[in-house]
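Protein chains: 4
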Amino acid sequence: MSSVWGERIKLTIFGESRGEAIGIVIDGLPAGETVDIGQCQAELARRAPGHDELSSARKELDIARIISGLHNGMTTGAPLCAIIENIDADSEAQQPAIARPNHADYTAFIKYKGYADMRGGGHFSGRLTAPLVFAGSVARQILARRGVEISAAAIRIGNAESEQDTKNEILAAKANGDSVGGIVEVIAAGVPAGLGAPFFSSMESVLAGLFFSIPAVKGVEFGGGFALTQMCGSQANDQMCVEGGNIRFLSNNSGGIQGGITNGAPITARVAFKPTPSIAIEQMSVDLSTMQNATISTSGRNDPCVVLRAVPVVEACMAIGILDKWEH
Amino acid sequence: MSSVWGERIKLTIFGESRGEAIGIVIDGLPAGETVDIGQCQAELARRAPGHDELSSARKELDIARIISGLHNGMTTGAPLCAIIENIDADSEAQQPAIARPNHADYTAFIKYKGYADMRGGGHFSGRLTAPLVFAGSVARQILARRGVEISAAAIRIGNAESEQDTKNEILAAKANGDSVGGIVEVIAAGVPAGLGAPFFSSMESVLAGLFFSIPAVKGVEFGGGFALTQMCGSQANDQMCVEGGNIRFLSNNSGGIQGGITNGAPITARVAFKPTPSIAIEQMSVDLSTMQNATISTSGRNDPCVVLRAVPVVEACMAIGILDKWEH
Amino acid sequence: MSSVWGERIKLTIFGESRGEAIGIVIDGLPAGETVDIGQCQAELARRAPGHDELSSARKELDIARIISGLHNGMTTGAPLCAIIENIDADSEAQQPAIARPNHADYTAFIKYKGYADMRGGGHFSGRLTAPLVFAGSVARQILARRGVEISAAAIRIGNAESEQDTKNEILAAKANGDSVGGIVEVIAAGVPAGLGAPFFSSMESVLAGLFFSIPAVKGVEFGGGFALTQMCGSQANDQMCVEGGNIRFLSNNSGGIQGGITNGAPITARVAFKPTPSIAIEQMSVDLSTMQNATISTSGRNDPCVVLRAVPVVEACMAIGILDKWEH
Amino acid sequence: MSSVWGERIKLTIFGESRGEAIGIVIDGLPAGETVDIGQCQAELARRAPGHDELSSARKELDIARIISGLHNGMTTGAPLCAIIENIDADSEAQQPAIARPNHADYTAFIKYKGYADMRGGGHFSGRLTAPLVFAGSVARQILARRGVEISAAAIRIGNAESEQDTKNEILAAKANGDSVGGIVEVIAAGVPAGLGAPFFSSMESVLAGLFFSIPAVKGVEFGGGFALTQMCGSQANDQMCVEGGNIRFLSNNSGGIQGGITNGAPITARVAFKPTPSIAIEQMSVDLSTMQNATISTSGRNDPCVVLRAVPVVEACMAIGILDKWEH
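Protein chains in written order, with my numbering: chain S, 1 to 328; chain V, 1 to 328; chain P, 1 to 328; chain R, 1 to 328.
Bear in mind the hints are in silico, worked out from the structure with no lab data behind them.
Be careful, since some hints might not be right.
Stretch-level coverage of chain R by chain P, calculated; a stretch enters the list once three of its residues show a Cβ under 8 Å from a Cβ in chain P [said to hold, decoys possible]: (1) 5 to 15; (2) 26 to 40; (3) 69 to 83; (4) 138 to 152; (5) 173 to 185; (6) 238 to 250; (7) 288 to 298.
All residues carry an ideal CB built from backbone N, CA and C; glycine is no exception.
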């Protein structure tokens with residue numbers, strides 16, 4: 001069960017990078033919700049490469065074709081399926097013989113006994129985040145009508161935190177045939193108190209499960225996160241007061257979640273992306289077809305940094321997670 | 001669905017801190033596996049409070065009574081249920097009226113409309129991690145026979161990293177009526193390559209979902225984790241070679257997981273615990289029965305630091321997650 | 001995943017017939033629902049053997065001890081666990097070497113490689129329906145407050161349809177050392193329209209999945225059921241009209257379910273029970289320890305007919321299935 | 001959760017009768033399995049209407065386009081998605097205002113608050129069984145290589161049991177503007193002992209859940225089924241002997257399943273289909289847009305009997321259920 005997710009909202013993701021198409025089925029959406037396809041496409045465009053010198057030169061025209069679940073612009077209550085054709089597929093693409101370090105080439109080879117279609121990264125490709133962004137856009141539109149606003153930003157790229165430094169960091173990596181990672185911070189405001197549950201369906205568990213589904217993510221924290229471990233309880237605790245009949249928290253070190261349940265404060269999380277594993281610099285690896293040592297340099301159309309493109313993916317995961325736990 | 005977890009191994013956790021008992025049902029265990037109850041009890045003892053001056057003075061005698069699923073010391077294939085009676089229950093305990101900051105008091109009040117039994121933290125209590133430790137011990141014994149060894153340690157408490165500093169840090173917090181958090185690192189060695197899946201069942205998603213089920217956890221990272229965001233790809237990538245016919249990784253920044261699937265290197269993770277929210281220092285809060293501002297000081301039998309006691313809980317989650325994804 | 005069920009309401013059943021105890025965890029109950037334990041016990045008593053000459057002479061005192069999830073007589077929202085100790089357990093009981101025909105002895109032996117605790121039928125025993133009845137009673141109490149009334153009856157025992165014939169049929173079977181089966185009909189009135197879904201979560205799929213969980217059930221039908229196959233569409237169709245602003249159906253061949261979704265008419269189902277497999281008449285079988293032919297006669301404390309005792313079990317399944325699909 | 005099914009094999013079905021396309025995602029297939037698309041198309045052709053005078057005049061060219069999960073004719077281990085375009089869609093089709101009796105028109109109207117796309121039956125249409133047949137064909141090919149053979153037949157149409165009577169029954173119903181139902185019997189031979197589990201994952205529960213997902217199914221029985229209720233235990237029990245070192249059953253009243261687990265004998269089941277609800281004979285109903293009484297006659301392209309076309313659908317459900325519970 002790798003590609004199905006959720007409790008109320010069920011996501012089923014499918015597709016391979018160089019196959020016919022990729023897509024997603026979203027089950028459990030409430031009926032009668034307007035879906036603005038233009039907004040979905042705008043979100044997909046934010047994720048797509050080829051914008052500028054900072055991302056891959058590949059041009060992916062990610063046009064979502066909605067196959068079911070939408071009628072007269074509104075959800076029908078039946079599963080909503082959208083597919084995105086792989087227009088820019090490279091028919092010459094070959095199965096990679098030499099495992100690219102930190103890719104799924106080796107692990108997929110073991111798990112699927114050599115039968116996985118790993119051209120372009122196959123089902124493991126970051127390209128599969130496009131359907132997630134589509135689903136996230138649908139979820140965000142539904143949540144926006146209920147007062148929830150989600151926004152994310154790259155707060156650090158490599159060692160750079162300002163916008164100009166960020167650009168330089170990426171361009172320097174690109175010039176070196178190297179890559180950089182970074183951190184995306186995401187905030188969901190307007191989330192009501194009472195969503196989630198203790199233990200296995202804690203909002204942290206649900207959201208972390210989604211964030212760690214994004215290729216290249218290696219760390220997730222909520223609210224104060226790892227920094228909380230260096231605070232005293234008296235600093236870390238979010239004190240409360242009543243204001244106009246409502247509870248207000250004097251700080252938000254909990255990131256809007258206590259006991260696994262939302263407390264009405266904004267949900268805040270930070271998601272750590274490792275550097276893109278595909279780099280031009282030559283590295284040691286293994287030819288899986290012969291089990292001989294080899295070297296590999298993955299030049300070509302790869303991104304020196306996927307963090308900027310990952311911002312809408314992180315937003316999508318936040319939206320999907322919240323909608324899944326929405327009460328009523 | 002808050003208290004049921006898993007794909008092959010299904011866990012169902014139940015109980016409230018001051019109720020009759022707490023416990024767990026483990027479904028999907030292979031039949032014919034020896035369970036050493038002594039070992040289970042030893043793990044429970046590691047988690048229990050009352051050992052020394054560093055933890056709560058409460059004496060919890062966590063004796064697991066196995067009700068089903070074990071016959072002649074071996075698993076039968078039927079669900080294994082264990083319960084732990086709440087011997088040390090305080091019958092005088094009252095529902096807390098004033099929400100303790102950073103506890104689940106407020107969120108549970110909202111979600112369960114005032115009906116949750118929150119005495120001693122209720123179902124949200126850290127006490128509920130005892131059944132998790134029991135299940136983890138069963139899982140560890142099964143995995144150990146398959147060559148997997150799991151061990152964890154507190155690598156930082158507050159700002160202290162050495163053992164003596166750690167002790168001082170905790171005692172200082174205790175003296176101040178305050179509390180501290182920390183980081184637990186866990187390593188699973190001997191895990192075969194090929195476990196897990198891309199996307200929603202990635203080993204990171206599965207394990208993070210479990211780690212974030214532990215009360216007080218606010219951050220999780222694998223391998224290099226957040227530090228990877230400041231490395232170049234050429235540093236972060238785990239290069240590979242063939243050694244004696246087997247793949248060997250020259251580093252383990254991936255924490256044993258690539259593309260969501262284990263690569264045969266040890267799985268490594270770090271789990272961040274916030275400081276214990278119960279402190280003697282007075283804090284601002286709200287009386288939920290009157291919705292008036294109030295102050296609260298949670299003196300008494302609370303731990304100034306739960307991180308040391310959480311070590312076997314983190315190990316348990318690692319064991320359960322791996323066993324759930326075990327192939328054959 | 002054999003012992004966990006449900007979408008909103010999660011059931012986890014555990015225990016073996018001659019083990020320490022049997023029980024169930026019910027997760028997902030709304031908070032603040034009163035549970036009348038006396039009513040639960042009354043339902044358990046209806047299922048228990050030893051009432052009269054028509055059932056087994058075994059005395060099972062099925063006292064449900066509630067361990068969690070209930071406080072001040074009301075659900076807390078946390079998982080509700082109840083256990084029933086196996087008081088009447090026969091400590092002399094041996095693993096059966098000769099497989100009893102139509103029991104699970106052989107299939108359990110294969111699946112669990114000889115490690116299943118099959119004393120008294122083990123986890124496969126009809127005794128495990130007691131926890132189901134308990135959970136069903138809780139569900140029925142909650143549904144009753146929402147206007148749903150569930151009742152079942154044995155409409156045929158062997159070839160007998162009247163009460164006196166039924167008694168004679170059972171006593172004759174008992175005298176012959178033989179057994180009989182029968183049909184239980186169940187009706188749920190007051191179910192609102194709109195519960196369930198097309199395809200895999202159709203109300204028929206959900207309820208049939210539960211009914212076929214009851215040991216000895218080999219057939220399930222809804223509304224007209226098998227008899228519908230001999231009607232014309234013009235007879236079978238439930239015509240509709242408006243009456244006092246509400247939809248009324250002129251017949252109920254659909255058994256209250258159309259397109260997998262309730263239509264507001266009573267849900268009706270019939271459940272077929274095979275004859276009790278344990279009989280005194282000698283039969284051919286196999287000694288699984290030696291794989292030699294053998295004969296077996298299961299005399300003793302067995303019921304010549306379980307259908308009457310199964311009535312509350314069928315009601316329980318109906319209640320659980322409806323509550324699982326309840327909207328709000 | 002209406003459209004997602006399964007434990008090891010996850011099915012996600014989508015599409016509406018007059019929407020763009022229908023389809024299915026199959027997750028959890030083993031990698032390296034050859035899929036013969038010709039065979040899939042042959043199964044789809046068996047289900048398609050327009051063959052002869054016995055079925056609807058609609059011509060549906062059900063061509064499955066495989067979008068993912070297949071490479072070089074073999075499964076890759078990634079989710080396999082197939083879509084079937086709705087070529088014969090009737091763009092003039094209108095939402096039905098008057099609820100067709102025994103259709104989902106009314107129940108969908110209630111559940112989806114009037115937003116369901118019910119043109120041609122929408123997501124509730126029998127047309128959605130085409131993707132099921134596709135998935136079943138993939139499953140059957142995999143199972144065939146493991147020795148499992150599945151075949152079904154209509155054993156009764158209305159009151160007719162011979163082939164000529166069947167034809168006359170259908171033609172008579174057609175001439176009358178009426179319809180008939182019937183019973184499909186399905187047998188799976190070569191299934192190994194040990195698949196399934198007691199209680200909620202019993203093979204009967206799993207298979208019944210699938211069979212009742214097929215629109216128009218109102219009854220399911222295994223082995224002797226309802227007829228077992230009129231046998232004595234001594235007749236109903238399947239006695240056993242050893243033959244050539246293997247267990248042989250002298251009868252198969254259990255339908256190959258005991259205690260929810262396969263016993264190695266063929267799995268046998270019978271599935272009852274109600275008569276097609278769409279008939280030309282005028283019937284009483286309600287105009288849902290005005291809540292006024294109305295009459296309706298559903299003339300046109302409907303089948304007087306869907307049972308013959310349902311035969312491959314029943315086979316598909318059997319194959320999917322067995323593959324989901326396959327061990328290794």
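Status of each hint after checking the structure:
{"no.": "1", "hint": "5 to 15", "result": "holds (count 4)"}
{"no.": "2", "hint": "26 to 40", "result": "violated (count 0)"}
{"no.": "3", "hint": "69 to 83", "result": "violated (count 0)"}
{"no.": "4", "hint": "138 to 152", "result": "violated (count 0)"}
{"no.": "5", "hint": "173 to 185", "result": "holds (count 8)"}
{"no.": "6", "hint": "238 to 250", "result": "holds (count 8)"}
{"no.": "7", "hint": "288 to 298", "result": "holds (count 3)"}
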